[in-house]
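Take the sequences, apply the hints, and build the full model.
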Amino acid sequence: MKPNVAWQLILKDFRLNSLVIIFTIAGGAIALAILLIGGQTPVVIGTVFFFVSMVFCACLLPLQNIVNERKKQTLSFVMSLPVSSARYGAAKLVSTVGMFLVLWLTLLGAGLYMILGRHILPIGAIPMGMILMNLPLIGFCLIAGTALVTESEGWATAAMAVVNSSYWLVWYILVSQVPSLTKTWGGPVAVWSSAVFKILGVEFGLIGLILGLTLYLQSRKRSFI
Amino acid sequence: MNDYAIELNGVCKSYRFFELQDVALRLQRGTIMGLIGPNGAGKSTTIRILMGLVCPDRGEVRVLGHRIPDEQVAAKWDIGFASDDMRLYDSRTLGWHINFMKSIYSSWDDTYAQLLLKRFGLHAEQKIKGLSHGQRVKATLLLVFARRPKLLVLDEPTTGLDPVARHDILRELTAVMVEDGRSVLFSSQNTQDVEQISDQITFIDRGRIIDSMDKEVYLDRWRRLRLEAPSGVELPALPGVIEIQQTGRLAVAIANAFEPHLANAYESSGARVQAVENMTLEEIFVANVERSREEVKA
Numbered sequence: 001m002k003p004n005v006a007w008q009l010i011l012k013d014f015r016l017n018s019l020v021i022i023f024t025i026a027g028g029a030i031a032l033a034i035l036l037i038g039g040q041t042p043v044v045i046g047t048v049f050f051f052v053s054m055v056f057c058a059c060l061l062p063l064q065n066i067v068n069e070r071k072k073q074t075l076s077f078v079m080s081l082p083v084s085s086a087r088y089g090a091a092k093l094v095s096t097v098g099m100f101l102v103l104w105l106t107l108l109g110a111g112l113y114m115i116l117g118r119h120i121l122p123i124g125a126i127p128m129g130m131i132l133m134n135l136p137l138i139g140f141c142l143i144a145g146t147a148l149v150t151e152s153e154g155w156a157t158a159a160m161a162v163v164n165s166s167y168w169l170v171w172y173i174l175v176s177q178v179p180s181l182t183k184t185w186g187g188p189v190a191v192w193s194s195a196v197f198k199i200l201g202v203e204f205g206l207i208g209l210i211l212g213l214t215l216y217l218q219s220r221k222r223s224f225i
Numbered sequence: 001m002n003d004y005a006i007e008l009n010g011v012c013k014s015y016r017f018f019e020l021q022d023v024a025l026r027l028q029r030g031t032i033m034g035l036i037g038p039n040g041a042g043k044s045t046t047i048r049i050l051m052g053l054v055c056p057d058r059g060e061v062r063v064l065g066h067r068i069p070d071e072q073v074a075a076k077w078d079i080g081f082a083s084d085d086m087r088l089y090d091s092r093t094l095g096w097h098i099n100f101m102k103s104i105y106s107s108w109d110d111t112y113a114q115l116l117l118k119r120f121g122l123h124a125e126q127k128i129k130g131l132s133h134g135q136r137v138k139a140t141l142l143l144v145f146a147r148r149p150k151l152l153v154l155d156e157p158t159t160g161l162d163p164v165a166r167h168d169i170l171r172e173l174t175a176v177m178v179e180d181g182r183s184v185l186f187s188s189q190n191t192q193d194v195e196q197i198s199d200q201i202t203f204i205d206r207g208r209i210i211d212s213m214d215k216e217v218y219l220d221r222w223r224r225l226r227l228e229a230p231s232g233v234e235l236p237a238l239p240g241v242i243e244i245q246q247t248g249r250l251a252v253a254i255a256n257a258f259e260p261h262l263a264n265a266y267e268s269s270g271a272r273v274q275a276v277e278n279m280t281l282e283e284i285f286v287a288n289v290e291r292s293r294e295e296v297k298a
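From first to last, the protein sequence lines stand for chains A and B. Sequence positions in the first sequence follow the numbering used here and run 1 to 225. Sequence positions in the second sequence follow the numbering used here and run 1 to 298.
Quick caveat, the hints were computed from the structure, so don't treat them as lab data. Worth double-checking, as some hints may not be accurate.
Claimed, not checked - No more than 16 angstroms apart at the CA atoms, straight line, and that leaves these computed lysine to aspartate or glutamate pairs for EDC-like:
id, chain 1, residue 1, chain 2, residue 2
1, A, Lys71, B, Asp84
2, A, Lys72, B, Asp70
3, A, Lys71, B, Asp78
4, A, Lys221, B, Asp70
5, A, Lys12, B, Asp84
6, A, Lys2, B, Asp78
7, A, Lys71, B, Asp90
8, A, Lys221, B, Asp57
Right under this line is the structure:
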């Protein structure tokens, strides 16, 4: 039986980028350790670093795993293997998203542990935290999708600029337009209101839309190299 | 089973500043074809089309009996492809690449890979970024050869190599051909390399195949006749002679379908045939390209 080439390509990407994942998880862990110090300043610094480590990885992974394959001319080596451009695109998306999810889930788990186990933030912050955690995931999907479809460092950088400058805008909209979020985030219980579910639904819908569109556009390409 | 490893019929591909026009190409199984053309002639585009990396606008492509690009995956299991712009992962060792290829190809021949490591003077522990250009090309070809593919498609593999490295690679290519049924398409600007190893030659220029023939037939048909034409003697236009350059009494006639009676015909017209010379593949290539460009202009 012939081996699954797409699976081998995914494993190869994990091996090639393992250091990026390890260092980013380490960065996130350091940020959470800062939170443990306690007090307002360490909490602010730790929280910012926590999100910065994810935003950093959301930018670096697509560059390393997608753009560099073309830039460093390893793409023709990969495409000489028995794989179609559509399968290559799917494998690349799975590996890139998979690697980011390893980091994202690890940091999400660690963050929840810090709230539920170490009580460094009130439990009421969990819904808002979940919504905020999804933002780098959406941003990452947009950057990765743009990089894969356009195969251009320029467009990927443009996507990064748009994504990174949007975080504060989304934060501002959430805080100013959804008062129920801010009312309950300091409370002792997590309030899963309909507004929270709606926002989470929109976020996951966006992720699905971006990834679906990326796969669709990739499968329609007629020239690959 | 189809007799051809590669078949292209009426293949066209248009870009803004370049057009591949009605390309027809056939590579018989078990033969080596040299695809020769100047820069921008369409060699790489043709190769990318037959590898399924570029979709043609029109025409039919079959590789090892599979329709391309639809059945490219099935075809690629038996194709070994290397191009001069192909790079391996800089931060990894050659051994890492070998293991990666082993995880994909059950046909991987470890004994042969070890032999090639020795012959090419490579070490599996070496990181790719530490290799010279010649060593990188050899490493890429090792990864291709040790898969034991039925068809080798090599896009300018010897470009930028020193003579020793080129010799090593051409020797190995010839050795690879000893195995029955293996076919090679080898593109190059270096006519010497192509002349050394090819059975068939195809010339391509400005997106058109201008000639495709058995190498021996080429070398046999093309001749340069050095003539001396006394004043008053007009050299006749003979069939099979594509070009006459005359300077004073001395003239050079280029024939692309040489027959001994051509020399007799010139003698009969009053000219003296000083020499009938064989032409190198490079001279044939240049003459062919110039003739093709004249025809297009006309």
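Results of checking the hints against the structure:
For a cut-off of 16 angstroms, the pair hint linking Lys71 (chain A) to Asp84 (chain B) stands: about 15 angstroms separates their Cα positions. Between the alpha carbons of Lys72 (chain A) and Asp70 (chain B) the distance comes to roughly 27 angstroms, so the proposed pair goes past 16 angstroms and is violated. Proximity of Lys71 (chain A) to Asp78 (chain B) is assessed by CA-CA distance (about 27 angstroms); at most 16 angstroms being required, the pair is judged violated. For the suggested pair Lys221 (chain A) and Asp70 (chain B), the alpha carbons sit about 13 angstroms apart, so the restraint of at most 16 angstroms is met.
Taking the CA atoms of Lys12 (chain A) and Asp84 (chain B), the gap is near 23 angstroms; set against the 16 angstroms cutoff, the hint is violated. Of the supplied pair hints, the one linking Lys2 (chain A) and Asp78 (chain B) holds, its CA atoms being roughly 12 angstroms apart against a limit of 16 angstroms. Taking the CA atoms of Lys71 (chain A) and Asp90 (chain B), the gap is about 12 angstroms. The hint holds against a cut of 16 angstroms. Using a Cα cut-off of 16 angstroms, the hinted pair Lys221 (chain A) and Asp57 (chain B) holds, with the two alpha carbons roughly 13 angstroms apart.
In terms of the numbered hints stated before, the structure departs from hints 2, 3 and 5, listed from lowest to highest.
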